[in-house]
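Single-letter residue listing:
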Amino acid sequence: MGTFFSTPRLSLGRKMLQINWGLILIVTATAAIGLAMLYSAANGSWNPWAGRQLIRFGVGLAVLIVIALVDIRFWWRYAFLIYGALLCLLVAVEVFGSVGMGAQRWINLGVIRLQPSELMKVGLVLALARYFHGLSTEDVGRIPYLIVPLILVALPTALVLKQPDLGTALFLIMIAGAIFFVAGVKLWKFVVVLGAAGAAVPIVWSTLRSYQQKRILTFLDPESDPLGAGYHILQSKIALGSGGMFGKGFMQGSQSHLNFLPEKQTDFIFTVLAEELGMAGGLALLGLYVLMMIYGFAIGLRARTHFGRLVALGITSMVFFYVFINIAMVMGLIPVVGVPLPLISYGGTAMLTLMIGIGFLINVYVHRDVTISRTGGGA
Amino acid sequence: MYRDATRFKRFTRRVALLGGGKFVLLSLLAGRMYQLQVIESDKYKTLAEENRINLRLLPPPRGRILDRFGRPVAINQENYRVTLVAEQVSNVEDLLDSLSGILSLSDHERQRILREVRRRRDFVPITVRENLEWGDVSRIEVNAPDLPGLSIEVGQSRKYPYASDFAHVLGYVSAVSENDVTGDPLLELPGFKIGKNGVERVFDLSLRGKAGNSQVEVNAMGRVIRELSRQEGQPGDDIKLTIDRDLQKLAADRLKQEESAAAVVMDVHNGDVLVLSSVPGFDPNRFVTGLSSRSWRELLNDPRTPLINKAASGLYAPGSTFKMAVALAALEAGIVDQDHEVFCSGHTLLGNTKFHCWEKHGHGWQDMLDAHQNSCDVYFYDIATRVGVDRIAAMANKLGLGRKTGIALPGEKNGTIPTRAWKKAALGSSWQLGETLITGIGQGFVLTTPLQLAVMTSRLANGGFAVTPRLVRPQLDDGRSADPKFKPVGISDRALDIIREGMTRVTNVQRGTAYSARISDKGMEMAGKTGTAQVRRISKAERETRVLKNHERPWKERDHALFVGYAPTKNPRYAAAVVVEHGGGGSKVAAPIARDLLRATQMRDPSGSDAVPNDEFLPSKSEEA
Numbered sequence: 001m002g003t004f005f006s007t008p009r010l011s012l013g014r015k016m017l018q019i020n021w022g023l024i025l026i027v028t029a030t031a032a033i034g035l036a037m038l039y040s041a042a043n044g045s046w047n048p049w050a051g052r053q054l055i056r057f058g059v060g061l062a063v064l065i066v067i068a069l070v071d072i073r074f075w076w077r078y079a080f081l082i083y084g085a086l087l088c089l090l091v092a093v094e095v096f097g098s099v100g101m102g103a104q105r106w107i108n109l110g111v112i113r114l115q116p117s118e119l120m121k122v123g124l125v126l127a128l129a130r131y132f133h134g135l136s137t138e139d140v141g142r143i144p145y146l147i148v149p150l151i152l153v154a155l156p157t158a159l160v161l162k163q164p165d166l167g168t169a170l171f172l173i174m175i176a177g178a179i180f181f182v183a184g185v186k187l188w189k190f191v192v193v194l195g196a197a198g199a200a201v202p203i204v205w206s207t208l209r210s211y212q213q214k215r216i217l218t219f220l221d222p223e224s225d226p227l228g229a230g231y232h233i234l235q236s237k238i239a240l241g242s243g244g245m246f247g248k249g250f251m252q253g254s255q256s257h258l259n260f261l262p263e264k265q266t267d268f269i270f271t272v273l274a275e276e277l278g279m280a281g282g283l284a285l286l287g288l289y290v291l292m293m294i295y296g297f298a299i300g301l302r303a304r305t306h307f308g309r310l311v312a313l314g315i316t317s318m319v320f321f322y323v324f325i326n327i328a329m330v331m332g333l334i335p336v337v338g339v340p341l342p343l344i345s346y347g348g349t350a351m352l353t354l355m356i357g358i359g360f361l362i363n364v365y366v367h368r369d370v371t372i373s374r375t376g377g378g379a
Numbered sequence: 001m002y003r004d005a006t007r008f009k010r011f012t013r014r015v016a017l018l019g020g021g022k023f024v025l026l027s028l029l030a031g032r033m034y035q036l037q038v039i040e041s042d043k044y045k046t047l048a049e050e051n052r053i054n055l056r057l058l059p060p061p062r063g064r065i066l067d068r069f070g071r072p073v074a075i076n077q078e079n080y081r082v083t084l085v086a087e088q089v090s091n092v093e094d095l096l097d098s099l100s101g102i103l104s105l106s107d108h109e110r111q112r113i114l115r116e117v118r119r120r121r122d123f124v125p126i127t128v129r130e131n132l133e134w135g136d137v138s139r140i141e142v143n144a145p146d147l148p149g150l151s152i153e154v155g156q157s158r159k160y161p162y163a164s165d166f167a168h169v170l171g172y173v174s175a176v177s178e179n180d181v182t183g184d185p186l187l188e189l190p191g192f193k194i195g196k197n198g199v200e201r202v203f204d205l206s207l208r209g210k211a212g213n214s215q216v217e218v219n220a221m222g223r224v225i226r227e228l229s230r231q232e233g234q235p236g237d238d239i240k241l242t243i244d245r246d247l248q249k250l251a252a253d254r255l256k257q258e259e260s261a262a263a264v265v266m267d268v269h270n271g272d273v274l275v276l277s278s279v280p281g282f283d284p285n286r287f288v289t290g291l292s293s294r295s296w297r298e299l300l301n302d303p304r305t306p307l308i309n310k311a312a313s314g315l316y317a318p319g320s321t322f323k324m325a326v327a328l329a330a331l332e333a334g335i336v337d338q339d340h341e342v343f344c345s346g347h348t349l350l351g352n353t354k355f356h357c358w359e360k361h362g363h364g365w366q367d368m369l370d371a372h373q374n375s376c377d378v379y380f381y382d383i384a385t386r387v388g389v390d391r392i393a394a395m396a397n398k399l400g401l402g403r404k405t406g407i408a409l410p411g412e413k414n415g416t417i418p419t420r421a422w423k424k425a426a427l428g429s430s431w432q433l434g435e436t437l438i439t440g441i442g443q444g445f446v447l448t449t450p451l452q453l454a455v456m457t458s459r460l461a462n463g464g465f466a467v468t469p470r471l472v473r474p475q476l477d478d479g480r481s482a483d484p485k486f487k488p489v490g491i492s493d494r495a496l497d498i499i500r501e502g503m504t505r506v507t508n509v510q511r512g513t514a515y516s517a518r519i520s521d522k523g524m525e526m527a528g529k530t531g532t533a534q535v536r537r538i539s540k541a542e543r544e545t546r547v548l549k550n551h552e553r554p555w556k557e558r559d560h561a562l563f564v565g566y567a568p569t570k571n572p573r574y575a576a577a578v579v580v581e582h583g584g585g586g587s588k589v590a591a592p593i594a595r596d597l598l599r600a601t602q603m604r605d606p607s608g609s610d611a612v613p614n615d616e617f618l619p620s621k622s623e624e625a
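Line order of the protein sequences matches chains P and U.
Residue numbering for the first sequence follows the numbering used here, starting at 1 and increasing by one per position.
Residue numbering for the second sequence follows the numbering used here, starting at 1 and increasing by one per position.
One or more hints might be untrue.
[Stated by the list, open to error] Computed list of lysine-lysine pairs in DSSO-like fashion (alpha-carbon distance at most 27 angstroms, straight line):
#1 U/Lys354 - P/Lys186
#2 U/Lys549 - P/Lys189
#3 U/Lys549 - U/Lys354
[What the hints assert, rightly or not] Covered stretches of chain P (chain U as the covering partner; in silico rule of three or more C-beta atoms under 8 angstroms from a C-beta of chain U):
#4 238-250
#5 258-267
#6 306-316
#7 345-354
Derived from the structure by calculation, the hints contain no laboratory data.
Note that the structure is predicted; figures quoted are calculated from it, not measured.
All C-beta atoms in this analysis are idealised placements derived from N, C-alpha and C, irrespective of residue type, glycine included.
Make the full structure from the sequences, and use the hints.
As structure tokens, then:
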């Protein structure tokens, strides 16, 4: 064991001191805003959402700290294993989840119901970071070396698409794209892939479920069908717009309290916030996320292992995509694809996924001076 | 060793690019936020309010209609309806089954309810049945625990406590039809009713009032969350009629002894209509709740025309009641005087045509007063020929005949007072002398309404002032009602005195045609004139054998009986006109009715005070409704 790691382990106490408490403060503040919004969405009640979300945050915080303190080399070592385990869970959802459940996204582990596709976002980051960590700069430029990571992306994406969960599938591809990008894959390859994807649009279009097609179509002109498919987006825009600069006041949002907003506790929670706290509130929350991402970038740039750098950037990108897709969606910039707002939206797995992700980010920070050789040896 | 430095350099470059890209995208979000929440905020604020707020109209209570003493004759009654809220019911079919045990629900009703349940949102109350009897209401209330989702609601509906007695004066309210829609949002309220006839129609706008409104907050499903503001409407104004409720009821009861009749009693000085009755009537309450098409057809096809207000819209040949106009025309033209005498042999000859007097044995020598007293037709043939039809028509018009009186009732008729020009225009042929004779006894082309006859009688009685009838007294600013000043129509007092003397004789001289219908109470004596209007031509052959008596003929072919009168004979105050369709002779049928009405009116003297008079004298005491 000892020969495997070149740098000595830090003691638990020292690691605790190394934990990036500033980042945890930002995460907690964000979650607190989320709890307040869930409390408001339930018309001023801890039931049914805010109370449970608080417990989940507590559990998530514990998980975060545990993940942060485990030696980064352990994660490096078992990255593929974790990825493989999550892949198995996705298959299990496909197999067992199909019995007795309409939507095949959940797997019931008795105590909690897991959504493996969410956890897979972190699993994919770990696996790709591990893979690119082992490639030299020259190898990254060679096409054959890209086959393995592409398969790593394709397997979970295909399984998630089959559920079908288009949003998460695209999410996985985007996270992978970010890691490929910072890992140094040549830009022209991205151009080729994007071009091919564009060409594939008509084919993919024909395989989409009609509700998915309809969502994209009404996205283009939601007001054409204000009582039907475009209703959600229109009502969301009305809520946002009527909030104005400083909002209608906490718990005063007419759109959310009179149920004009769809899924206000999950995907449209940002609308509740922007209606009640206005653009000021929206920008403040956006600011917290930006701070979170700045921490992510800084940690990535500060890390000495390539694995750590890629994990940090992958997690930061994950946070970014969550935030961007969700907010762009409720503001009518992109189709409603069903992506939660991290730490704010009600939902156990999404919360856990993000806390795990931040856990890895802090882990990279704690172990910023640890080095791992390309093949596994310490530098 | 691998060259980590180069890898880190490229990594750093890429991170910078990625960070830059993300920053641009997040700026895009902030920009969009600015667009929605600052630039377009007003638009979305309006939309949010529109989402949130529903404006509901509150129908104002309709004004009541009162009689001249302020006693209500059209009121708003609480109306109970049972409603169903589908979301509180587990199975609507089962509920309707249990309800059938209490109310009998027809299949048709059942279908309608189920259809509405499907169409409306779950929380919208659906009317199961309206206008519940009190018994049904209490049975439902008692069984309420077994009927979840059902509730009794109280609304207001129009009620006419005197039913048919006031039907033609009041009219009725009924559902708004497409033609009635004027833009008043009240008219678009489901279940709103407007005046469709009578006073209800003419004064509809005053009675209706102004709608209030209530702003309510609704959620996305349309459920009302709370009321934000409420502006009470303005209740409709009460309308005070000139009608005396007790007299009106008395008249209706009296007329109901005949098949089909109309009567008017009015104040000769100010035009207050105290009685305006047409029999048979209809029950206006049935129009409020909705009349079945079968009942409607029955009313429409009834030969006694219950839907028509015969007092203002029924046209009748005035018969001998027209003779005062003929006599006045002759006196005022200076062609004859009081002493002009005519010999009546029972008929007069014009060329080869015989014109009969109703007394086929003849009246002998008749002067003007005799001719009134005996209603001698031959005398009036003579003076009508002398004065000519156009001057008769001019006098009739002065007395208010042949044109609408302007009373506040829909459907009032003009009637016809023929002239040479009128016949040329209407029929295209020239006037025949024989027609002047017929006009002289109020037959032929002459058509008047009972109301016009009452106006004529009033003008004769009040000294020739152009009184017009009114159902509602105009209110002065201080709340007191104003009496109009009527202009003289231009008839000399001397001539009027002669006519009034003739009319007095009719009922107060033993041989007068209506002596049996006199009022013998001191100071209440009645003056009048009988009339009998033929509704068919008596053929020559029939006259040579035997003219059938009225009661021997089918109802439709019997003569109309008329009487006009005023009382008291000295300083007259009230005038009456009575028409009994196919009633036979005016003296036997119509005069007693007029007598009863004028006697009761004088006893009460409703014009005398604003307090409700003692009603001891009324033949049948009216029960209070």
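Now for the hints, and whether the structure bears them out:
no., hint, in the structure
1, U/Lys354 - P/Lys186, "violated, 130 angstroms"
2, U/Lys549 - P/Lys189, "violated, 121 angstroms"
3, U/Lys549 - U/Lys354, "holds, 21 angstroms"
4, 238-250, "holds (count 8)"
5, 258-267, "holds (count 3)"
6, 306-316, "holds (count 3)"
7, 345-354, "violated (count 0)"
Consistency with the previously given hints fails for numbers 1, 2 and 7, ordered from lowest to highest.
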